[in-house]
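Trainee: Build the full structure now, drawing on both the sequences and the hints.
Here the protein sequences line up with chains E and Y, keeping their order. Just so it is clear: in the first sequence, position 218 is 218 by UniProt numbering, and no numbers are missing. Just so it is clear: in the second sequence, position 421 is 421 by UniProt numbering, and no numbers are missing.
If you're looking for bench data, these hints aren't it; they were derived computationally from the structure. Don't take each hint at face value.
[To be verified] Facing chain Y, from chain E, some residues (calculated, C-beta under 8 angstroms): (1) Pro58; (2) Gly62; (3) Pro68.
[What the hints assert, rightly or not] PhoX-like mimics (lysine-lysine), calculated; alpha carbons at most 20 angstroms apart, straight line: (4) Y/Lys206 with E/Lys71; (5) E/Lys434 with Y/Lys288; (6) E/Lys64 with Y/Lys288; (7) Y/Lys235 with Y/Lys211; (8) E/Lys434 with Y/Lys152.
Note that CB positions come from ideal geometry on N, CA and C, so glycine has one too.
There are 2 protein chains.
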Amino acid sequence: MDIKKSQQDVESATDNSKDSSLGRRDFFRKTAALSVTALAGTSLLASEEAGDPAILEPTPWGTKWGDPVTKNLYGMPSKYEHNVTRRYTKLLASGNFRASIAVTPLQESSGIITPNGLFFSRCHGGVAHIDPNEHRLMITGLVEKPLVLTMKQLKRYPSVTRTHFIECPANGGQEWRGPQYNSLQFAKGFMSCAEWTGVYIKDILKDLGVKKEALWMLAEGGDSSKMGRTIPMEKVWDDAMIVWGQNGEALRPEQGYPIRLLVPGWEGNLCVKWLRRLDFASEPWYCKEETSKYTVLKPTGKAIQHFYANEVNSTVTSPSPEIDWTDLEDGDIVEIEGLAWSGMGTITGVDLSFDGGKNYVEAKLKGLVLPKCWTRWSYMHTYKKGQELFLTSRARDDAGYIQPTVDQEILTVGVEAVYHRNAVETWKVEKDGKITHVEVRSQLGRKANGELVIEGKA
Amino acid sequence: MDIKKSQQDVESATDNSKDSSLGRRDFFRKTAALSVTALAGTSLLASEEAGDPAILEPTPWGTKWGDPVTKNLYGMPSKYEHNVTRRYTKLLASGNFRASIAVTPLQESSGIITPNGLFFSRCHGGVAHIDPNEHRLMITGLVEKPLVLTMKQLKRYPSVTRTHFIECPANGGQEWRGPQYNSLQFAKGFMSCAEWTGVYIKDILKDLGVKKEALWMLAEGGDSSKMGRTIPMEKVWDDAMIVWGQNGEALRPEQGYPIRLLVPGWEGNLCVKWLRRLDFASEPWYCKEETSKYTVLKPTGKAIQHFYANEVNSTVTSPSPEIDWTDLEDGDIVEIEGLAWSGMGTITGVDLSFDGGKNYVEAKLKGLVLPKCWTRWSYMHTYKKGQELFLTSRARDDAGYIQPTVDQEILTVGVEAVYHRNAVETWKVEKDGKITHVEVRSQLGRKANGELVIEGKA
Chain E
1 MDIKKSQQDV ESATDNSKDS SLGRRDFFRK TAALSVTALA GTSLLASEEA GDPAILEPTP
61 WGTKWGDPVT KNLYGMPSKY EHNVTRRYTK LLASGNFRAS IAVTPLQESS GIITPNGLFF
121 SRCHGGVAHI DPNEHRLMIT GLVEKPLVLT MKQLKRYPSV TRTHFIECPA NGGQEWRGPQ
181 YNSLQFAKGF MSCAEWTGVY IKDILKDLGV KKEALWMLAE GGDSSKMGRT IPMEKVWDDA
241 MIVWGQNGEA LRPEQGYPIR LLVPGWEGNL CVKWLRRLDF ASEPWYCKEE TSKYTVLKPT
301 GKAIQHFYAN EVNSTVTSPS PEIDWTDLED GDIVEIEGLA WSGMGTITGV DLSFDGGKNY
361 VEAKLKGLVL PKCWTRWSYM HTYKKGQELF LTSRARDDAG YIQPTVDQEI LTVGVEAVYH
421 RNAVETWKVE KDGKITHVEV RSQLGRKANG ELVIEGKA
Chain Y
1 MDIKKSQQDV ESATDNSKDS SLGRRDFFRK TAALSVTALA GTSLLASEEA GDPAILEPTP
61 WGTKWGDPVT KNLYGMPSKY EHNVTRRYTK LLASGNFRAS IAVTPLQESS GIITPNGLFF
121 SRCHGGVAHI DPNEHRLMIT GLVEKPLVLT MKQLKRYPSV TRTHFIECPA NGGQEWRGPQ
181 YNSLQFAKGF MSCAEWTGVY IKDILKDLGV KKEALWMLAE GGDSSKMGRT IPMEKVWDDA
241 MIVWGQNGEA LRPEQGYPIR LLVPGWEGNL CVKWLRRLDF ASEPWYCKEE TSKYTVLKPT
301 GKAIQHFYAN EVNSTVTSPS PEIDWTDLED GDIVEIEGLA WSGMGTITGV DLSFDGGKNY
361 VEAKLKGLVL PKCWTRWSYM HTYKKGQELF LTSRARDDAG YIQPTVDQEI LTVGVEAVYH
421 RNAVETWKVE KDGKITHVEV RSQLGRKANG ELVIEGKA
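Mentor: If you want it as structure tokens, here you go:
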């Protein structure tokens, strides 16, 4: 397939990007080539054998009983998926894996649900294992009628179910000075998305009579770290929840079993786990974890104190350093897929660049598009063997925000910050189909001849 | 709280049932009572202690390190949830747990996602463990270009993600002659709901050139049972999928890893697991599993052969025999919650009866309402101690169907059928708050004095 034809594919896919058919007519005309290539690419089979039942020869699993349904009454993944797990790194442990994080394998994800076994886990004092019959939630402070609830009592309130992502504000925070990980899981896996069930805090407060002076809510954890964060009442009256259900079952211990706070779209550390106390006051608490951590240091040396929402962001999940294109043949048609999310609202569009942000085409949003939730996006691409590409995605939300370039973000916040990094990210597709995490200075970083200035991580 | 007041609550909740506030104003005015009751009901705490930090005394989990994040990189539920599992019964095993079913604990579910570890599992030859690198999908028969695909090749097609339930047509099928199980899990747990990711078969077929004579598609499994079912082409061209992703990760072995067929809304056994072959022909195959099983025997002695879609259905999940009301105090306000689903379309409404189907009020649909998917519904109720109730739910769908009464269904199909039972179901709330599964002959089953004729299962 020559360059011209390959370009036409990109164009037609672009034309069809808003079409619910995902430009399939064009895609499948071209896919005849894929199928033939595909068959040629399989060692055991050739296309003329395809109709031959010989390929359905006996297999170990086709010729003997499988396991009875009485085995694994709570199931686990296939043994062939043993590499799909949360991962950790000493770089993030500060020498103590009880105040650390294990991140989600986004490269293996599909849809917008993260299974509970893979949901990222950030702890400040390790994973507590709480007996729900002994656990209590105290609601106190500037309220007319303080309350202590058992889990049974809490669950009598009318429940609500919402699908939201939770993201650690440090997601991508190691990379202000350039790529540190040649890995999607470590570069962007400080987040996951799930279906949450619980109760709106505003619905409980209607019982208690919150006093006018109450402007802030303290949420405190019952684990050994006593994690404490202060939430402004505007958010409490909006959509803050106490949740006990995650993806159809009880929260896992590492997610705060039996209950955690959910502050949709805001920093993950605000979603206090093992929640034991809500306290209302007229001033913020300035707890350890909202002064020593979770503030954004600016070039001036001053820090941004109250910085809550995770801004609009996106990433390419396939290809990625873990899911490369080394097995593709010239002319193969492949789906470029990614995630977009915003803590400020709903994703309205995602642009995709093949030249590191100089030119963009529009990608297609797939499946459910919900507020403060992961949104899947996709773009059909014809692979040209040996062609270098710089894949950069850029998301927009209905709050009116768009992802900044690396240069725009650095000009604003500098490189001393750890949190709230949402500049566009670039994967370089190497000549051999390998994927490298690079940083492209898209606006300022071009030489006179237009060549990109790139900092890479092999 | 006297009867009159309690009736007012029911009425006001009814008035508000279409209101997005779930009748909360009324609910929370009444809930002041709940809170006090609640506190009185807790042995350790009294309301005046609520503000007293003494209740936040040291706990085992609050005074020592928890587990490091490096433990359980693929997580599991809390040890306190050990009773929340799939369950099986010899009644359904025909002496062989490799051709049997393990059912989902609907009583513990929340939202519309069933976690993969609890998704119901029906097998005909046991759970196969297939090596995805060795697995092939053959597409053959009346097509211009037969094809054999590796899993890698299959996953290059543009993926789609949809949330659908899968239901065994035998769900509730033991109860044509009356209740057999005083259990929601066994009475209705032959179904689960998940987010599925895969490819529309119609999109692959565009490559292969399906011949005009092809009217039926055989789907065959690669496990030892070689499960085979025939699908009419209308459904294939509509929304039949080959799926590899479930709730954001690879299918579990008991769900057909690495791939299964998904025929949205139709009998679960059509969603052939461990899929290895699609074959196109002009006639149905009449495989063993679509003649010896999965046909509906009528009173005439004749069987309905081609019977695919799971009809509109619903159940009350809370209260249920497993989640009773024995702990409620008179006047407590409690949420009655349930599920509704239809394989023919989208749920348009759910009615709830407190007298076994004589009178109905409208329940509120909660959260996402999607086609061929579970829909949560809810109704706020004020519990009157000692009052007997007959809770019956009745769902409607946008295909124009409504659940039949027990009598209507029996008049049509008799009691010899095993499959496709979707008559309304009734939980009796006993004087002490226990829940009993009963059957109410709602139309014909009333004596001259209007008293209900009830067949019960203690």
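Trainee: The structure should be examined with respect to each hint, and the outcome stated for every one.
Mentor: Hints and how they fare:
1. Pro58: violated (10 angstroms)
2. Gly62: The hint holds - E/Gly62 has a Cβ within 8 angstroms of chain Y, the shortest such distance being about 5 angstroms.
3. Pro68: holds (3 angstroms)
4. Y/Lys206 with E/Lys71: Cα-Cα ~41 angstroms, so violated.
5. E/Lys434 with Y/Lys288: This hinted pair is violated, its Cα atoms lying about 48 angstroms apart.
6. E/Lys64 with Y/Lys288: holds (19 angstroms)
7. Y/Lys235 with Y/Lys211: holds (16 angstroms)
8. E/Lys434 with Y/Lys152: Roughly 17 angstroms between the alpha carbons, so the hint for E/Lys434 and Y/Lys152 holds.
Hint compliance for this structure: hints 1, 4, 5 are not met, and every other hint is.
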